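J.: Residue numbers (our numbering), protein chains in the order written: chain S, 144 to 258; chain E, 9 to 120.
Quick caveat, the hints were computed from the structure, so don't treat them as lab data. Nothing here was measured: the structure is a model prediction, and the numbers come from that model. No residue lacks a Cβ here, since even glycine has one placed at the ideal position from N, Cα and C. Treat the hints with care, as some may be off.
Said to hold, decoys possible - Pulled from the structure, derived: some chain E residues nowhere near chain S, Cβ distances all over 12 Å:
no.	residue
1	Glu-14
2	Gly-24
3	Glu-63
4	Ser-76
Claimed, not checked - Quick partial rundown of chain E residues pointing at chain S, CB under 7 Å, derived from the structure:
no.	residue
5	Leu-54
6	Lys-64
7	Ala-93
8	Arg-100
9	Leu-108
10	Lys-112
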Amino acid sequence: ETGVTQTPRHLVMGMTNKKSLKCEQHLGHNAMYWYKQSAKKPLELMFVYNFKEQTENNSVPSRFSPECPNSSHLFLHLHTLQPEDSALYLCASSRKDGEEKGEAFFGQGTRLTVV
Amino acid sequence: SQQGEEDPQALSIQEGENATMNCSYKTSINNLQWYRQNSGRGLVHLILIRSNEREKHSGRLRVTLDTSKKSSSLLITASRAADTASYFCAPRFTGANSKLTFGKGITLSVRP
Numbered sequence: 144e145t146g147v148t149q150t151p152r153h154l155v156m157g158m159t160n161k162k163s164l165k166c167e168q169h170l171g172h173n174a175m176y177w178y179k180q181s182a183k184k185p186l187e188l189m190f191v192y193n194f195k196e197q198t199e200n201n202s203v204p205s206r207f208s209p210e211c212p213n214s215s216h217l218f219l220h221l222h223t224l225q226p227e228d229s230a231l232y233l234c235a236s237s238r239k240d241g242e243e244k245g246e247a248f249f250g251q252g253t254r255l256t257v258v
Numbered sequence: 009s010q011q012g013e014e015d016p017q018a019l020s021i022q023e024g025e026n027a028t029m030n031c032s033y034k035t036s037i038n039n040l041q042w043y044r045q046n047s048g049r050g051l052v053h054l055i056l057i058r059s060n061e062r063e064k065h066s067g068r069l070r071v072t073l074d075t076s077k078k079s080s081s082l083l084i085t086a087s088r089a090a091d092t093a094s095y096f097c098a099p100r101f102t103g104a105n106s107k108l109t110f111g112k113g114i115t116l117s118v119r120p
C-alpha cells in the first residue's frame with residue numbers, strides 16, 4: 144500500500160454516461176496528479192493540483208473535468224468519453240509540486256473501458 | 009515535453025542474472041528517480057539519486073548517474089522472477105515548475 148487509494152479499480156462506461164474517478168491520500172501531501180496510461184505510450188500527465196489549486200492542465204479535452212475539494216481528495220469527472228479514452232488512470236501525490244525531492248506516491252489506478 | 013527515455017524497451021533474462029536498464033535525458037536535473045510498475049497497477053518509487061551523486065545502492069538495486077552524459081542506469085543484481093515488471097525513470101528537471109514525467113518504460117521479464 145502506498146497510502147494513495149483510487150476507486151473504482153475498474154470501470155466500464157458508455158459514451159453517453161457520466162462517471163467520476165476518486166483519489167484519496169492521507170500522507171499529508173499538498174500536490175496531487177492525474178496521469179493517463181495507454182498501451183505502448185508514455186504516461187501522460189493530465190492535471191496537477193498544488194494546495195487545491197490547479198496549476199497544470201496538459202491540454203486535456205474538456206470531457207475530463209478534475210476537482211480538488213481539499214488536499215486529500217482528487218476527482219476526475221468523465222462525460223461523453225470516446226473509446227480512445229480507454230486507459231489506466233493513475234492518481235499520484237507528492238509533498239509539493241516542483242519541490243526538489245518530489246517523490247511521487249501512486250494509487251493502484253482505475254482501468255477505464257469506454258464502450 | 010521533457011521526459012527521460014529508457015533503453016532497452018524490453019529485456020528478458022534468466023533468474024539469477026543481473027539486469028541493466030538505462031535512461032537518458034536532455035536538460036539539467038535536480039534528481040532522477042526510478043519507479044517500478046507491476047502489470048496494471050500503480051507505480052512504486054524505488055530509488056532517487058541527486059544530481060551531485062554518482063552512485064547509490066538500495067538492497068539489490070544500484071543506480072548510477074552521469075550528468076555529463078545526461079544518463080543513468082539501474083542495475084538489479086541476482087534477479088528474481090518477482091522482479092518481472094515495467095521500470096520507469098523520471099528525471100526531476102531544474103526549474104520552478106518542473107513536473108515529474110515518465111517515458112514508455114522498460115519491460116523486464118525474469119524467467120524462472
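J.: State for each hint whether it applies.
T.: Hints, verified against the model:
no., hint, verdict
1, Glu-14, "violated, 10 Å"
2, Gly-24, "holds, 29 Å"
3, Glu-63, "holds, 18 Å"
4, Ser-76, "holds, 21 Å"
5, Leu-54, "violated, 10 Å"
6, Lys-64, "violated, 14 Å"
7, Ala-93, "violated, 13 Å"
8, Arg-100, "holds, 6 Å"
9, Leu-108, "holds, 5 Å"
10, Lys-112, "holds, 5 Å"
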